[in-house]
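Protein chains in written order, with the working numbering: chain E, 1 to 312; chain W, 1 to 557; chain S, 1 to 116.
Simulated from the structure, these hints should not be mistaken for lab results. Heads up, some of the hints might be wrong.
[Said to hold, decoys possible] Derived Cβ-Cβ restraints for the label pairs, each shown as a range:
hint, chain 1, residue 1, chain 2, residue 2, range
1, S, G53, E, W264, 45 to 51 Å
2, W, V384, E, K198, 52 to 58 Å
3, E, T118, S, G53, 31 to 37 Å
4, S, L107, E, M104, 50 to 56 Å
5, W, Y126, S, Q104, 37 to 43 Å
[Unchecked claim] In silico DSBU-like cross-links for lysine-lysine, where the CA-CA straight-line distance does not exceed 35 Å:
hint, chain 1, residue 1, chain 2, residue 2
6, W, K27, W, K499
7, W, K549, E, K268
8, E, K99, W, K549
9, W, K79, W, K497
10, E, K268, W, K33
11, W, K27, W, K284
[To be verified] Computed footprint of chain E on chain S; a stretch qualifies when at least three of its residues, placed anywhere within it, have a C-beta under 8 Å from a C-beta of chain E:
hint, stretch
12, 22-32
13, 64-78
14, 85-91
15, 96-106
Note that this is a predicted model, so its numbers are computed, not measured. The beta carbon of each residue, even a glycine, is placed where N, CA and C say it ideally should be.
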Amino acid sequence: MSAHSHSDKFVYHEPGLQHQFDDMGQQEESVSLGMWLFLAQEIMFFGGLFTAYLVMRSKYPLAFASGSNHLDAFLGGANTLVLIVSSLTMALTVYYAQKGNRNMQVGLIVLTMLFGLTFLGIKAYEYTDKYNHGLVPMAGLNRRVKADSPASEHVGLVLPGETAVSASEAKPGAEPYVNPHGEFQWREYELVQHMMDKQRAEPNGHYLTLNEQLTYSTSPGSLVLDKDKFRDKVRIFFYIYFVMTGLHALHMIIGLGIMTWLLWMAFKGTFNAEYFSPVEMSGLYWHFVDIVWIFLFPLLYLLGRHYEHLGL
Amino acid sequence: METVGAIEAGSYGTAKLNYLNNGSTLKSWLLTKDHKRIAIMYLISVSAFFLMGGLYAAAIRLELLTPASDLFETGTYNKVFTQHGILMVFFFLIPSIPAVLGNFLIPIMIGAKDLALPRINLLSLYIYWIGGAITLWALMQGGVDTGWTFYTPYSTTFSNTYVLAVGVGIFINGFSSILTGVNFLVTIHTMRAPGMTWFRLPLFVWSHYAVSLIFVLGTPVVAITLLLVAIERVAHVGIFDPALGGDPILFQHMFWFYSHPAVYIMVLPGMGIVSELLANFARKRIFGYEFVAFSSIGIAVFGFLVWGHHMFVSGQSMYASLVFSFLTMVVAIPSAIKMFNWTATLYQGSISFDTPMLYGLAFMGLFLIGGFTGLYLGALGLDVHLTDTYFVIGHFHYVMVGGQVIAYLGGLHYWWPKMTGKMYSEFWGRVAAMLIFVGFNLTFFPQLILGYLGMPRRYAAYPPEFQVLNIFSTAGASVLGVGLTMPLFYFLHSLVKGKPAPDNPWLLPGLEWRTSSPPPTENFDTPPVVTWEIYDFGDESGLDLEAAKREAATINA
Amino acid sequence: MAEQTTEHHNPHIEVPNEHIGIPGYLGVFAVLVVGTILTYYVALMDLDWIFPGANTLVALGIAFTKMTVVGLFFMHVRWSPRLVWMSAVGAFFWLTIMFAYTMQDYLTRGTGFFGH
Numbered sequence: 001m002s003a004h005s006h007s008d009k010f011v012y013h014e015p016g017l018q019h020q021f022d023d024m025g026q027q028e029e030s031v032s033l034g035m036w037l038f039l040a041q042e043i044m045f046f047g048g049l050f051t052a053y054l055v056m057r058s059k060y061p062l063a064f065a066s067g068s069n070h071l072d073a074f075l076g077g078a079n080t081l082v083l084i085v086s087s088l089t090m091a092l093t094v095y096y097a098q099k100g101n102r103n104m105q106v107g108l109i110v111l112t113m114l115f116g117l118t119f120l121g122i123k124a125y126e127y128t129d130k131y132n133h134g135l136v137p138m139a140g141l142n143r144r145v146k147a148d149s150p151a152s153e154h155v156g157l158v159l160p161g162e163t164a165v166s167a168s169e170a171k172p173g174a175e176p177y178v179n180p181h182g183e184f185q186w187r188e189y190e191l192v193q194h195m196m197d198k199q200r201a202e203p204n205g206h207y208l209t210l211n212e213q214l215t216y217s218t219s220p221g222s223l224v225l226d227k228d229k230f231r232d233k234v235r236i237f238f239y240i241y242f243v244m245t246g247l248h249a250l251h252m253i254i255g256l257g258i259m260t261w262l263l264w265m266a267f268k269g270t271f272n273a274e275y276f277s278p279v280e281m282s283g284l285y286w287h288f289v290d291i292v293w294i295f296l297f298p299l300l301y302l303l304g305r306h307y308e309h310l311g312l
Numbered sequence: 001m002e003t004v005g006a007i008e009a010g011s012y013g014t015a016k017l018n019y020l021n022n023g024s025t026l027k028s029w030l031l032t033k034d035h036k037r038i039a040i041m042y043l044i045s046v047s048a049f050f051l052m053g054g055l056y057a058a059a060i061r062l063e064l065l066t067p068a069s070d071l072f073e074t075g076t077y078n079k080v081f082t083q084h085g086i087l088m089v090f091f092f093l094i095p096s097i098p099a100v101l102g103n104f105l106i107p108i109m110i111g112a113k114d115l116a117l118p119r120i121n122l123l124s125l126y127i128y129w130i131g132g133a134i135t136l137w138a139l140m141q142g143g144v145d146t147g148w149t150f151y152t153p154y155s156t157t158f159s160n161t162y163v164l165a166v167g168v169g170i171f172i173n174g175f176s177s178i179l180t181g182v183n184f185l186v187t188i189h190t191m192r193a194p195g196m197t198w199f200r201l202p203l204f205v206w207s208h209y210a211v212s213l214i215f216v217l218g219t220p221v222v223a224i225t226l227l228l229v230a231i232e233r234v235a236h237v238g239i240f241d242p243a244l245g246g247d248p249i250l251f252q253h254m255f256w257f258y259s260h261p262a263v264y265i266m267v268l269p270g271m272g273i274v275s276e277l278l279a280n281f282a283r284k285r286i287f288g289y290e291f292v293a294f295s296s297i298g299i300a301v302f303g304f305l306v307w308g309h310h311m312f313v314s315g316q317s318m319y320a321s322l323v324f325s326f327l328t329m330v331v332a333i334p335s336a337i338k339m340f341n342w343t344a345t346l347y348q349g350s351i352s353f354d355t356p357m358l359y360g361l362a363f364m365g366l367f368l369i370g371g372f373t374g375l376y377l378g379a380l381g382l383d384v385h386l387t388d389t390y391f392v393i394g395h396f397h398y399v400m401v402g403g404q405v406i407a408y409l410g411g412l413h414y415w416w417p418k419m420t421g422k423m424y425s426e427f428w429g430r431v432a433a434m435l436i437f438v439g440f441n442l443t444f445f446p447q448l449i450l451g452y453l454g455m456p457r458r459y460a461a462y463p464p465e466f467q468v469l470n471i472f473s474t475a476g477a478s479v480l481g482v483g484l485t486m487p488l489f490y491f492l493h494s495l496v497k498g499k500p501a502p503d504n505p506w507l508l509p510g511l512e513w514r515t516s517s518p519p520p521t522e523n524f525d526t527p528p529v530v531t532w533e534i535y536d537f538g539d540e541s542g543l544d545l546e547a548a549k550r551e552a553a554t555i556n557a
Numbered sequence: 001m002a003e004q005t006t007e008h009h010n011p012h013i014e015v016p017n018e019h020i021g022i023p024g025y026l027g028v029f030a031v032l033v034v035g036t037i038l039t040y041y042v043a044l045m046d047l048d049w050i051f052p053g054a055n056t057l058v059a060l061g062i063a064f065t066k067m068t069v070v071g072l073f074f075m076h077v078r079w080s081p082r083l084v085w086m087s088a089v090g091a092f093f094w095l096t097i098m099f100a101y102t103m104q105d106y107l108t109r110g111t112g113f114f115g116h
């Protein structure tokens with residue numbers, strides 16, 4: 001910000017002051033600016049993914065809407081609230097660190113970590129659900145279900161409150177769920193079929209984009225749905241979903257590591273009104289991760305959900 | 001890292017405690033937080049990568065001596081030029097000036113004791129080593145053949161080489177650049193000495209400020225892009241593979257969003273050095289200081305708006321091509337401002353032709369050609385003819401080698417006495433500079449002609465009518481190789497037998513010349529207070545030139 | 001930037017430690033919770049009758065509001081030096097560059113005056 005003034009006559013070394021700085025003000029300014037620049041690079045890091053999302057969504061809006069509708073928006077919303085609470089406890093941690101209140105700091109850091117863990121737990125639950133239903137976009141990483149085998153023989157996790165779907169237990173009328181090689185499976189074509197039919201009836205309508213009319217059809221312009229081609233586009237949605245939420249979860253895990261260190265420091269009573277910048281910097285990181293989720297939630301879980309009104 | 005104690009005036013060289021002799025154990029180097037020691041370790045690592053990349057370049061030129069692909073199989077040739085590109089771009093050109101000279105000089109030039117975040121600085125060196133080690137391992141396992149650009153879907157689907165490992169290596173290496181950029185920005189903002197206002201900063205510092213902006217805002221994007229390529233290779237899901245519904249042009253957008261600004265990473269620091277060299281060796285305040293300073297920032301900002309000119313023939317919309325072509329012409333303006341100002345600086349200056357200045361002048365000529373050929377390529381119609389020909393190779397080597405490498409060598413010669421406390425042989429320095437200049441032009445000017453005639457890049461074989469110019473090019477490469485090897489020898493020789501350098505060998509007013517050679521660990525015995533304007537060669541600079549001359553004479557005697 | 005100032009920005013002296021105090025933090029928290037619930041229910045409504053893509057705009061509008069609130073109050077940007085403002089806003093500006101210049105390609109493909 002400014003050229004700093006310093007006097008070499010009276011060098012007063014405060015505790016926690018590193019050798020290259022003249023005073024605590026300069027140190028805090030440097031550290032805080034460094035953290036913000038790091039966050040700026042984080043914005044660009046996630047920004048690359050958001051660009052990929054933007055381009056792919058603009059190419060295949062209906063496939064993304066179908067994929068979005070399949071995610072559990074309730075769990076996503078719950079996770080958003082969990083993160084918001086953890087952001088509040090983090091903000092209060094900084095508040096109490098400035099006051100030098102050790103017990104409140106320790107308690108609030110523990111709470112923040114608990115909410116962070118809750119978030120990861122819910123995320124893990126969601127991932128497992130995707131695994132069980134063949135929605136992980138990489139072949140071989142889904143639960144393997146052989147034709148006509150009883151549920152108990154299936155490899156992999158079955159979530160509480162859910163029975164493993166086997167070929168013999170499938171809903172009447174639906175095709176049995178078989179996935180012997182653990183490949184990506186997609187079974188919901190009602191929405192795109194509906195739009196395709198309308199587009200065929202009204203060739204000048206805007207039910208599908210021009211690109212979609214070409215890329216979902218059996219042959220360009222035929223407006224007859226090719227399920228395999230559509231499935232590939234939904235797979236791209238789930239790929240982006242997993243990369244974005246996975247990278248976000250990785251940031252959460254790193255955040256929990258930082259919190260563990262912070263907890264130890266706070267427990268030792270390191271922070272007070274004079275020296276609390278580690279708490280503040282960790283807080284910035286934690287809030288940033290929260291902000292990323294604030295955008296991921298609507299983009300991945302919510303957009304396209306209004307198609308549910310079609311009752312398909 | 002204790003503060004250096006009071007030193008008697010008039011003692012030189014090894015007698016004085018400086019950053020080099022302040023601790024000699026391996027640990028005192030590997031765990032140092034001193035920006036100068038980190039810079040020296042960067043210098044050694046970067047030179048090693050330059051040597052390796054240079055050997056690949058020699059292999060390419062040998063293969064192209066004859067029209068047939070007789071030295072290598074075509075597949076091997078693909079690997080050779082890819083690895084030349086990867087080593088040179090990611091592990092030499094990008095870190096060369098910022099991580100070595102920038103690291104060493106920025107704190108000294110602004111009058112600080114160290115960078116603002118010394119531990120982050122050390123971390124960035126280790127990240128660079130880890131990324132480099134992974135890449136080298138992959139190269140030894142069999143290498144990679146995608147070209148340094150990793151274009152999809154070849155890199156994600158078809159290539160059978162070590163794309164994943166090299167991608168991971170470069171991904172990791174990217175964070176080294178990011179941390180360096182963050183560190184420089186913070187340091188320039190918060191660590192300036194009293195009186196060191198923004199417009200008293202050396203232009204070297206301004207250009208590093210601009211480069212750091214690109215590091216921080218661009219590098220993460222290429223990191224995430226390579227991560228997506230790596231995942232796509234493993235998982236076979238494609239946002240980049242058209243067969244799976246993806247879009248290869250999306251990869252190109254994301255890749256060039258960083259990699260075009262990265263081209264400016266590879267020339268802006270060089271421009272900073274050349275601004276120093278021209279002003280100081282013409283002993284004249286640089287013409288239009290503010291314009292040169294802000295043109296660096298202008299290049300950094302506009303550099304982010306032109307990436308689409310790499311994609312004119314790859315399926316980008318015609319509208320986007322028009323916009324990008326126009327903006328490419330716009331980004332030439334700040335570069336031209338620099339050229340005009342440098343020329344005006346030389347006018348009526350008292351120029352001395354020491355070795356660093358020879359490099360400075362060489363830069364001006366070579367960058368002029370590099371810049372103008374860039375305008376040819378940015379012109380939408382002409383680019384269709386020139387895309388993927390040797391004209392492109394010639395163009396960017398004129399900028400990268402003629403710009404950055406020449407400037408890097410100039411800077412290395414200029415600050416070598418400060419960094420090591422030793423003088424190199426001026427005679428051999430000039431000989432090497434001349435050889436490099438002649439060899440460089442002989443290598444790359446024929447390539448511009450070859451490309452214009454239609455010789456495509458990235459092929460091991462070519463029609464026989466191109467052979468004469470290719471022989472010129474290979475002959476030039478040999479001269480260039482000899483020229484580039486010479487500094488290695490006389491620099492090493494100077495370390496052992498060189499004369500001790502005075503504190504101010506070039507008799508200049510800059511802050512780095514007001515501390516001892518080599519500097520103490522905390523850079524200055526007493527923290528400096530700046531009261532003079534930058535590039536002020538008159539009496540107001542407060543520099544006792546007579547004393548500096550006497551000191552130099554004592555050493556020479 | 002402001003090279004005239006010679007004193008450091010010192011958080012101990014110039015900035016009140018409490019920023020907005022506990023009631024303030026709780027107020028921000030309430031805004032975030034309301035925003036989350038709102039965005040969930042609005043997403044279920046079909047807003048295409050206003051104009052196509054209205055749902056997207058509303059969802060992003062709410063997300064931006066939430067981000068701004070978190071940034072200004074939880075991350076103390078409101079009380080931070082101008083440089084912090086610049087790095088936060090600058091990064092978003094650069095992201096906009098990336099979005100805009102990428103999309104100017106995709107949105108002008110195939111159809112319209114420049115289509116091929």
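These are the hints, each one checked on the structure:
1. G53(S) - W264(E): 45 to 51 Å: Because 49 Å falls inside the window, the suggested range holds.
2. V384(W) - K198(E): 52 to 58 Å: 42 Å, violated
3. T118(E) - G53(S): 31 to 37 Å: 34 Å, holds
4. L107(S) - M104(E): 50 to 56 Å: 52 Å, holds
5. Y126(W) - Q104(S): 37 to 43 Å: 40 Å, holds
6. K27(W) - K499(W): It holds: about 29 Å lies between the C-alpha atoms, which stays within 35 Å.
7. K549(W) - K268(E): Roughly 58 Å between the alpha carbons, so the hint for K549(W) and K268(E) is violated.
8. K99(E) - K549(W): 58 Å, violated
9. K79(W) - K497(W): At roughly 41 Å apart (the allowed maximum being 35 Å), K497(W) and K79(W) break the hint.
10. K268(E) - K33(W): 27 Å, holds
11. K27(W) - K284(W): Violated, because 44 Å separates the two Cα atoms, which is more than 35 Å.
12. 22-32: holds (count 6)
13. 64-78: Holds: 8 residues of the stretch 64-78 of chain S have a Cβ under 8 Å from chain E.
14. 85-91: holds (count 4)
15. 96-106: Our answer is that it holds, as 5 residues pass the Cβ test (under 8 Å) against chain E, meeting three.
In summary, the numbered hints that this structure violates are 2, 7, 8, 9 and 11.
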